[in-house]
Amino acid sequence: MRINTFFYSVKQGFKNIARNKMFSLASMATMAACIFMFGIFYIIITNFNAEVQKIEEGVSVTVFFDKGLPESDILSIGEEIGKRVEVSRIEYVSAEDAWNDYKEIYFEGKEELAAGFAGDNPLANSANYQIYLNDVSMQSSLVTYLESLPGVREVKQSELVANTLSDFNKLVGYISGGIILILLCVAVFLISNTVTVGISVRKEEIAIMKLIGAADYLVRAPFVVEGVLIGLMGAAIPLVLLYFLYQRIIVYIADKFNFIGSMLEFIPAHTVFRTLIPVGIFLGVGIGFLGSRLTIRKHLKV
Amino acid sequence: MIKLEHVSKSYSAGIPALNDVSLEIEDGEFVFIVGDSGSGKSTMIKLLLKELDPTDGEITIGGKNLGRIKRKQIPKFRRGIGVVFQDFRLLKDRNVYENVAFAQKVIGEPNSHIRKKVPIMLSMVGLAAKYRSYPKELSGGEQQRVAIARALINEPSILLADEPTGNLDNNNAWEIMKLLEEINAKGTTVIVVTHNLEIVKVMKKRVITVKKGTIVSDSKQGGYDDED
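Line by line, the protein sequences give chains D and Y.
Note that the first sequence covers residues 1 to 302 in the working numbering.
Note that the second sequence covers residues 1001 to 1228 in the working numbering.
The shape of chain Y in the complex, shown without the other chains (with noise of 0.2 Å):
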């Protein structure tokens, strides 16, 4: 379980990004976060992924609060957690196959390990054929693929996707958002931060909406306020 209890982030110039938020996602579910530009949603994400530290408040996360990690265990704590970004963030230089390798061998993986387990990653994300591929010779929802596979490989408890489809057209938007909600199925749960109203209306399922740094609604079925 995810638990945000009265969390409030203000950066330097002092303006609170996050503003007395609390909430809680159970283990297992598919959560949409939606928002304008600067909202906090953002700050949201790097707050569940330890990159900062909430100014006020408590964040615990499978248990753990966060406030209490220390700086050595935070390697440790974030393999719990997969990442997937608008701009993909994968390695220029490396194939599908080693960019997707590249998340065990920096977790130490053996690479008997490896060899047996990317490829299977690879299946399921439907790129198998395409592994000596390097990125630029990929379309941008392969390429939001083989970032899913690197999140996914060390098998995380949460996927937290921060504008997974910001770069896709409207058909890959929509399978990668499928793929998402096949890995929710098999029980990660899933946070997506997203613009896109359509697949948030569509896909139904819960929605918190943030404005200004504070939660103004949350939904439990697909609801979404769309008015500004």
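The shape of chain D in the complex, shown without the other chains (with noise of 0.2 Å):
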């Protein structure tokens, strides 16, 4: 494509929508809508992912071992434990320590009674590995794995947070992936709604360029130009809208409502909107793209 012939196919881009203006204002707030709803639908993911993600860190499985089992074989078991991709990190409680932390809990105040117990640790057998992960929706494969290792009396594991984590996580993921996408078809709908507008307004330039010998390119790149811009311009304004409502609404939540912020630490708007904004935009031009080049499919044959 010659220069002068990409700056036509721009120039008549933007006289398309001109000429249509209703339509093509219908397109951009349904994609504006649609951005939006994602952008709000990303951030509340995000931030409840980064929550979640506090709170997985916390899930941890507990390993006991073998009655008598030497501690220099359950530090190499430690080690092994400590390289599984489930495994984020791994604390060794030896039974020392384990009887030491019992007895700063049961016996405060009541040290002569625990002194009772000197050079006999009732709980001898209590070494153990506290194992945190990386994902808790991996915690059932690596109880498997520590179940089958030889010494390894028994596996404590929290398997209902885990699940009930895991599994909300996925319900919150389905039920807004579901809503985007059906947002984004009514998006498509509409911008190919809009084309075909600008289509039947142009017939007779179309059927003009057609004889006078046109590449089937330039006549068909105005209205992918008309379709991309439409997709630009309904992403970048929810996409600007959402970033100052964003910052607003942490500082707000922040100061009005204290208990909130003690529990939830919102991601800064910077984190958040370096994805939202690439990914919205690209979100918006591939819709406005992929609208317009289906429509022309469809009603322009060149």
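In short, the hints are calculated from the structure, not lab data.
Computed Cβ-Cβ distance ranges for the label pairs, DEER-style:
| no. | chain 1 | residue 1 | chain 2 | residue 2 | range |
| --- | --- | --- | --- | --- | --- |
| 1 | D | E265 | Y | P1110 | 55 to 61 Å |
| 2 | D | F189 | Y | G1067 | 36 to 42 Å |
| 3 | D | M22 | Y | D1027 | 47 to 53 Å |
| 4 | D | Y217 | Y | H1113 | 16 to 22 Å |
| 5 | Y | G1126 | D | M22 | 38 to 44 Å |
| 6 | D | K298 | Y | K1070 | 20 to 26 Å |
| 7 | D | T271 | Y | P1110 | 44 to 50 Å |
| 8 | Y | D1027 | D | A29 | 53 to 59 Å |
| 9 | Y | G1067 | D | G177 | 46 to 52 Å |
Built from N, CA and C at the ideal position, the CB exists for glycine as well.
Combine both chains into one complex, guided by the hints.
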């Protein structure tokens, strides 16, 4: 494409929008609504995931070992466990540490009673590993592995927490994905309608272009430009709006609802929008391109 | 040279719009194609522009077999043929200059070239002074001149005129025909589809008469059998 035909196509794309103001505005508004909803879901999910991540980090699996298993064996098992992909961090609690922790909690103020156990640790077989996971959904596979290890007596896990978090995470993902998909389909449909109207308005011009010998791409390009511009503007407006809204809302919540602020820690706007802006723009432009291409294929036989 | 060899064209209904038509038109010829409505004249124009493909037979223009031209090559092929219509087909939202320049823009000519060429073409059709006028401000004859300028600006070797005087009064019709004759005199092959028997008889050019999809006469010197 020559540079002047490129500019011609871009100019005609803008003109198409100006000619079909109402349809273009309707498409842009729908696109903006879609990207706005997408942005809201994205922000909610990102913040929710961050919270879940924090909770997940606290979920651990505890491994106890067979009676009389030498500490050197326990430590070498620990090394093997630490290499697993599911494991984010592993903490060793020796029998000594376990007894000391127990004493602190249950013999507070009655240290003389605890002294009765001197030299005879009642938790001699309680050496264990606290294993923290990278992802809670990996817990069951890790537990199966741990149970298969020789020398392991018992594996304690918080299955309910892990499953609930994992399932809830998936549910939120599916629902938001479904809603976004529906909205995006609506956007494609509306852009397609706008381009169809554009094609019918410019029917005569297209016919002349074809007879004069305009290349196919030159007949099609203005409509693709139109779709892409609608997508771009339809994405840019809600993203800017969301950026400022999010900044204000997190400050407002932190100020007015201290209890929420203490429970939740919002992700900073620049972190969220570092991903959301390119994804939103890509979606808008992509949908605009797709909507116009589909329509051109259907209605514009050149 | 334009060559049609045993060309037939049937639409979906099955009735042939053209039936076994063969003809040759030499470079630089001026040819009238006459016939009643529905006789197949417009189908012939569409076949020459490769808007339609024949059901049977072959069409060759300038040595190129139209049946072998790939879809991608059609625009380039059409640049060698100028077309003028009865209803002018001007873009109403653009002025005279822009309408003529449009034909150059869509084939990607640089603006500097367009700025030089459009005024020359408008002078040739006698509309240099009206370059800023919009189609609605022009007479039918003037609008047809703009259409001719647009058809010729890409320097086609063939000019197809489908009822170019159909919407014009007698004076304007003659002016347009004179213009077409001048264009022909410069070497462009001109093919005019028309109903205007007076023009056909007076101009004494080759006349091909089409009836029910077949050529019933091909007279070299303006002969036209209008008994029907």
